[in-house]
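**Student:** Respectively, the protein sequence lines represent chains A, B and C.
For the first sequence, this note's numbering begins at 1 and goes up steadily by one.
For the second sequence, this note's numbering begins at 1 and goes up steadily by one.
For the third sequence, this note's numbering begins at 1 and goes up steadily by one.
These aren't lab readings, by the way, just hints derived from the structure by calculation.
Bear in mind the structure is a predicted one, so any value in this text is a computation, not a measurement.
One or more of the hints may lead you astray.
Think about it this way: if two alpha-carbon atoms lie no more than 16 Å apart in a straight line, the pair counts; the simulated EDC-like pairs of lysine to aspartate or glutamate are [said to hold, decoys possible]:
1. B:Lys304 with B:Asp46
2. B:Lys340 with B:Asp506
3. B:Lys633 with B:Glu694
4. B:Lys633 with B:Asp647
5. B:Lys840 with C:Asp28
6. B:Lys355 with B:Asp319
7. B:Lys458 with A:Glu55
8. B:Lys642 with B:Asp625
9. B:Lys840 with B:Asp857
10. B:Lys850 with C:Asp49
11. B:Lys850 with C:Glu75
12. B:Lys837 with B:Asp630
Stretch by stretch, here's where chain C covers chain B in the computed footprint (C-beta under 8 Å, at least three residues) [unchecked claim]:
13. 283 to 295
14. 441 to 455
15. 691 to 701
Beta carbons are placed, not taken as given, at the ideal position from N, Cα and C, and that holds for glycine.
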Amino acid sequence: MSIRKEHGNVSETTFNSPVDIGPLSAPDGSVTVADAASTTKVQIRGGADTGAAAELGVGYGRSQRRADGALVCGTRPDEWTIYAGAGQASAITAALSEVFGHFQGEPGEGFVTVIDITHGRAMLRISGSNATAALNKICNLDLSDELTPDGAVFSASVGNVGCDLVRDDEGGQTSFLIGCERSFGKFLFIAVADACTEFGLSVPHGWELHGH
Amino acid sequence: MSNRLTAQPGEIIDRSTSLSFTWNGKAVTGHQGDTIASAIAASGVDVFGRSMKYHRKRGILTADHWDPNLFVQVGDEPNVRAGSRRLEAGMVVSTQNVWPSLEFDLGAANQLVGRFLSSGFYYKTFMRPKFLWPLYQKVLKKFAPGGRIHWETSTHDAYDKRYVHPDVLVAGGGPAGMGAALAAADNGASVLLVEQYGDLGGHLLWGDDAQRAQGADLAAACRAHANIEVLVDSTVTGRYDHNWISVMQRSHDIAPERLIKARAGVMVVAPGLVERPYVFAGNDTPGVILSGAARRLINLWAVKPGNRAVVMSANADGDAAVADLERVGVEVVAVLDARKGESIVSVEGKSRVSKVALSDGRTLNADLVVTATGWTAPTSLLNMAGDRPVYDATAARYFSNSLPSNILATGGITGDGSTAELEAHGRATGVLAANRALRRRHDRVAQTARSNDPAWDKPAEMADSRTPLNRVPHPECYRSTTHGMVDFSEDVSSKDLIQASKEGFDSIELMKRYTTVTMGPSQGKLETVNAAAVLAEANQVSMAEIGTTVWRPPFAPITLGALAGRIHEPVRRSALQDWHDAHGAAPLLAGQWVRPDHYGDPMGEADNVRNNVGLIDVTPLGKLDLRGPDVSKLLELVYVNKWSKLDIGRVRYGTMVAEDGVVSDDGVTGRLGEYHWLMTCTSSGAGAVWEMLEDWLQTYRPEWQVHVTAVTGGLTSINVAGPHSRTLLERIVEDVDLSADAFPYFSVRQGTVAGVSDCIIWRIGFTGELSYEVHVPSGHALHVWEELLAQGEDLGCRPFGVEAQRILRLEKGHYIVGQDTDGLSKAPTAGLGGLVKLDKPDTIGLPELKAAYERTDLPILVGVQTDDPEIVPEEAAQIVDGGSNTILGRITSSRMSPTLGRSVCLAQVDPSLAAAGSSITVLLADGRRVTATVQEHHAHVDPEGARQRV
Amino acid sequence: MIVVPCPNCGPRNSGDLRNCGELVPRPDPSTASLVEWREYLYMRKNPADWVTETWYCRGGCRRYFTIERNTATNEIRGQEAS
């Protein structure tokens with residue numbers, strides 16, 4: 001007897017984040033950590049001989065917010081990542097294919113590839129007046145305003161996890177987006193939340209760095 | 001009997017508070033602002049502990065952080081410095097290094113046998129006979145100094161760390177350091193000001209009214225300045241290349257100690273001066289103190305240090321101590337002016353000074369001896385920056401010689417001056433430091449990709465036009481006509497040093513190591529100069545000729561906990577790990593990944609795969625997305641086999657070797673499109689393979705067009721294995737024809753699984769059964785996993801863990817890189833003969849591969865079965881030559897096979913044993929020797945592979 | 001923990017990078033003798049002096065680059081001492 005069932009399509013299946021906990025905040029609001037894994041993340045790579053740099057408009061280390069709200073980041077030399085709200089990967093990828101038309105690495109007038117890395121990267125956001133101080137407990141870079149101004153894009157170790165970061169202030173408030181390989185996502189969240197405990201954030205049971 | 005004085009003008013204690021604590025079990029009270037030592041001294045205690053070797057009674061000497069006699073146990077924390085640790089209510093304080101008690105200590109008998117404990121006694125006494133070494137160890141442990149640690153200590157969760165990037169880091173919060181911090185901050189630099197003690201001010205704190213007022217003003221200005229972060233009760237412990245500076249922060253709520261790692265533009269070193277003791281017979285008797293100790297006890301904590309005092313003074317600080325003593329009613333029975341050659345000869349007394357012999361022949365009754373005989377310049381941080389200080393006989397201390405441009409010194413280590421002069425020198429130094437630091441910051445901002453270009457001009461380089469501080473002449477007084485203690489921490493006397501010199505240890509660095517002088521917790525702060533002086537005297541040369549020892553990090557001892565900090569050991573979890581946890585999986589930490597080892601019955605799980613269908617989460621499998629027109633060239637280069645002709649939708653197995661021919665990784669790679677490939681590699685090797693591919697593409701073949709993206713965690717990998725696997729997948733795969741003809745073994749398809757599009761389905765497997773590997777975008781992986789289990793319920797579908805995988809894999813004889821191969825295993829060892837193509841123009845390690853295949857002596861990986869099927873040899877059990885211990889190989893993998901009902905192994909053996917049917921001897925861990933037989937194939941089950949090709 | 005001037009990122013702590021060692025040219029594997037190949041694999045000058053070495057900016061831009069570093073002083077050529 002067949003037990004074959006109807007299957008839902010992708011849009012009906014939930015996107016599972018590696019972090020199944022809501023935002024954590026210090027009581028005084030000076031620092032907040034929130035999961036952002038469902039952020040759409042699309043990576044574009046293309047050398048100096050392609051139109052990618054001109055089209056995307058930012059160089060390595062800097063970012064720019066587009067009119068549609070997507071954040072275009074110069075993640076590495078000849079590499080960009082577009083961050084956008086959840087569920088926009090196909091739309092963004094399709095739009096880029098209009099521009100570059102060289103998917104799957106087809107040779108042509110410049111070698112550009114586009115890959116949806118939404119599922120491959122965990123992400124969180126840390127915000128607030130103490131966000132920089134908390135992050136500087138587990139990240140060795142100079143995060144001061146002059147070295148790491150709003151819009152700065154960089155990669156660094158955060159709690160011993162290799163991360164891609166963007167300083168992406170919100171409403172005048174210091175804020176960082178931190179992305180990492182998906183499988184490290186839960187540990188990264190725990191490590192960042194732990195760094196915030198000095199500033200009053202309390203970590204729920206089961207999410208302590210040294211608790212289990 | 002209380003020694004607490006009436007209110008003193010500069011006291012830092014808050015008399016409205018009363019802090020109760022215990023000292024060796026007795027209840028004592030002190031005040032907020034007291035150190036542990038000042039509170040105990042105020043209660044009338046003279047003896048704080050026993051010395052390390054001779055167990056001599058010891059009291060306060062310096063009443064600060066460097067006091068060698070004030071190490072105490074506080075609760076479960078050993079080696080607390082009572083001279084600087086602030087008192088807290090409820091502390092349980094006790095003496096260290098006494099047995100059985102402070103008053104009656106058996107170790108004191110060592111004084112009677114002193115000659116056995118003289119210089120180098122460790123080397124001389126406990127060498128022979130060798131069979132007594134365990135006894136020596138036992139006895140020495142009894143007498144070992146230091147407190148007790150408790151393994152179950154639970155006073156705090158963790159220590160802490162932090163990174164800082166100040167333009168200018170100032171080490172020392174006295175008048176010069178504060179002046180430097182303020183001037184640097186005023187000139188636009190961000191400043192971290194680090195003070196070792198609980199308050200800013202340095203020696204001004206125990207100075208006169210004007211000095212204290214000036215110190216308070218400077219401290220308030222520092223604390224109020226937006227560009228200055230002040231850390232008190234914190235020590236700069238080390239300076240490393242490129243101004244990487246360690247700061248140990250204490251008394252912060254977050255942890256007992258916090259290691260701050262600073263990258264500073266310029267470090268200003270302003271530690272002030274450390275007063276040094278005078279060497280004479282009995283100089284370690286309780287009641288013999290330094291002038292600074294007298295002044296701190298009186299002025300900071302209102303503690304009367306004694307009743308009848310003899311003072312020996314060589315400087316203004318000694319004279320000020322006389323004034324302080326007289327002001328608080330201590331009877332000063334003699335003042336010896338060292339500038340006129342007067343000195344103390346010896347002291348008598350057991351628990352306290354009672355008689356003092358003077359150089360004029362008099363012997364006086366006194367209970368207090370105060371010496372002010374000069375300074376040690378704590379040039380440690382300068383030493384760490386490469387400076388080798390030089391002795392100046394006129395000032396009777398050492399001064400820096402040459403400093404790199406990112407280090408500046410100010411204050412007492414550079415010269416003498418009034419408070420105003422010290423502050424002025426500090427300010428001039430701060431201006432210079434800011435100039436250098438801002439020039440460096442400008443460069444950093446300009447060079448850093450993530451920052452905008454600097455919006456300010458780089459300042460012009462400023463010349464060092466500071467007016468140096470004077471060097472006030474000071475008598476060289478180090479030792480009287482008698483011998484006394486040089487190193488109080490290590491119980492090393494001037495006599496010991498002279499003996500060492502006579503034995504030939506006549507260079508300062510050799511003498512230090514032979515006698516352990518300067519190697520105790522004071523780390524030379526008190527004893528370095530006296531040691532050099534005694535050696536100069538013994539060698540009959542000048543101090544300058546003797547030189548000095550090199551001061552290395554740390555400036556002050558650091559707890560191991562602070563170095564460890566919080567534990568950031570990242571753990572990787574697949575998108576299914578929460579499900580595994582919730583369904584009884586035993587966790588296994590494999591590299592960084594936590595994985596399901598089994599769900600309770602690994603043998604049953606393996607059996608279910610052979611008979612029904614099982615699911616295993618193999619997400620840790622390394623996965624690299626490769627795109628571009630030149631991928632096949634890259635594969636041809638990095639794999640030992642051929643890759644040029646692989647059709648779209650097909651999969652090939654490949655092995656990688658390093659340039660030295662050693663097997664480094666393996667896996668399958670599938671071609672998804674004309675210019676799109678997916679490479680898999682081992683879990684542990686994925687990072688290294690990625691970096692290796694990038695190296696080739698960036699360094700050696702920049703003309704190739706290939707983009708590599710790591711997608712390991714993005715694609716959750718589920719292996720569906722067993723005879724019913726096709727039936728199961730047919731129920732939930734919508735758009736891929738899974739029939740044997742349309743989707744043969746070693747093929748790959750892209751499709752929709754359980755409604756999830758963009759899945760990749762491989763027909764591959766390591767279990768030997770019909771199997772598929774489904775790669776699902778991780779955000780939807782749990783849905784697919786649960787659908788597979790639900791749809792497969794009637795087929796007997798159950799999850800299996802890593803242990804069942806190991807069993808199944810070994811039954812099939814698939815070797816594991818790093819388990820069945822090692823750091824010396826070249827391609828022939830792994831049995832890759834048919835795979836390796838040596839006729840390629842280039843492949844990694846090609847010359848070594850060619851050489852390896854010409855050799856006949858390399859070990860060979862073979863399948864092995866023990867003759868007794870019940871015996872499972874341990875992995876790494878040696879294969880030996882019969883009854884001898886000559887090693888001919890080792891078992892690399894072994895398991896009981898549920899399919900065959902017998903043990904199965906892989907082994908690396910000497911080529912002479914590699915032929916099928918060879919009998920070998922395996923030496924088990926329990927010493928038994930068992931026989932085993934080499935098999936024809938690596939695979940023990942279905943060597944023809946019939947089961948997986950259905 | 002020295003500072004390494006990454007040409008892409010700017011100055012970074014050396015712990016963010018991997019030191020791949022002295023730059024050694026790779027011989028043509030199709031013509032190199034085994035002796036030449038092993039010189040490439042194993043033999044290094046290792047001077048207490050200036051050396052050209054390869055670094056991989058593992059934690060940053062993921063680019064390989066070479067710098068000249070004095071192994072005795074950790075001075076890095078072309079960069080202002082920091």
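**Student:** It remains to establish, for every hint, whether it holds in the given structure.
**Tutor:** Consistency of the hints with the structure:
1. B:Lys304 with B:Asp46: 12 Å, holds
2. B:Lys340 with B:Asp506: 31 Å, violated
3. B:Lys633 with B:Glu694: Status holds; Cα separation ~14 Å.
4. B:Lys633 with B:Asp647: Measuring from Cα to Cα gives roughly 15 Å; hence the hint holds.
5. B:Lys840 with C:Asp28: Holds, at roughly 12 Å.
6. B:Lys355 with B:Asp319: This hinted pair is violated, its Cα atoms lying about 22 Å apart.
7. B:Lys458 with A:Glu55: 34 Å, violated
8. B:Lys642 with B:Asp625: Given that 16 Å is the threshold and the Cα spacing comes to 19 Å, the pair is violated.
9. B:Lys840 with B:Asp857: 25 Å, violated
10. B:Lys850 with C:Asp49: Not satisfied, since the Cα-Cα distance of roughly 37 Å exceeds 16 Å.
11. B:Lys850 with C:Glu75: Measuring from Cα to Cα gives roughly 42 Å; hence the hint is violated.
12. B:Lys837 with B:Asp630: 20 Å, violated
13. 283 to 295: violated (count 0)
14. 441 to 455: Contact hint for the segment 441 to 455 of chain B vs chain C: holds, 7 residues under 8 Å.
15. 691 to 701: n = 6 at 8 Å, threshold three: holds.
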